[in-house]
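Student: Sequence:
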Amino acid sequence: GIILGLHGAMVTDFCDDGEGELLARLRAVVGPELPIAVTLDLHANVTRAMCRHADILVSYQTYPHVDMRRTGLEAGEILQRTMAGEIRPRTIRAHLPMIDEVNGGRTDVGAMRERLQRARAWEQQHADVFSVSINAGFARADI
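Residues 1 to 143 in this note's numbering are what the sequence shown spells out, letter by letter.
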């Protein structure tokens, strides 16, 4: 398997979805059978292409980012279980309207804290849900 640590808001000169393009090219090289896991920043602009070409997407849950190691371990555990044939993960993406930079983007106060707590509860209540990520997006990417 492959695990990548990406940001999720890369913009290039030739496309608006840098990570989606990178993952599409990687998938073309390794084929459909090798699992690809990706860790993302909380502020990632998660695209359809990213979801299509990666088997596992796990995002930081904190800003300031103090859970980068935990996120990598979580993605690695899901990847390991996938490679062992225990699970076959898929990504479900819901793009909801969000206000950028509420409380300075922080996750330890305000509305985002409650939403992240609800996401953790959802994971606990549903054994077939391996990770719930809430991505606020990165508006400065202007895509």
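The set of hints was computed from the structure by calculation and includes no laboratory data.
Because the structure is a prediction, the values reported are computed rather than measured.
There's no promise every hint is true.
[Said to hold, decoys possible] Simulated DEER-style distance windows between Cβ atoms: (1) M83 / G5: 30 to 40 Å; (2) I134 / T12: 21 to 31 Å; (3) M83 / R140: 28 to 38 Å.
Just so it is clear, CB atoms sit at the ideal spot from N, CA and C, and this is done for glycine as well.
Student: State for each hint whether it applies.
Tutor: For each hint, the structure was consulted:
no.	hint	verdict
1	M83 / G5: 30 to 40 Å	violated, 18 Å
2	I134 / T12: 21 to 31 Å	holds, 26 Å
3	M83 / R140: 28 to 38 Å	holds, 36 Å
Of the numbered hints stated above, the single one contradicted by the structure is hint 1.
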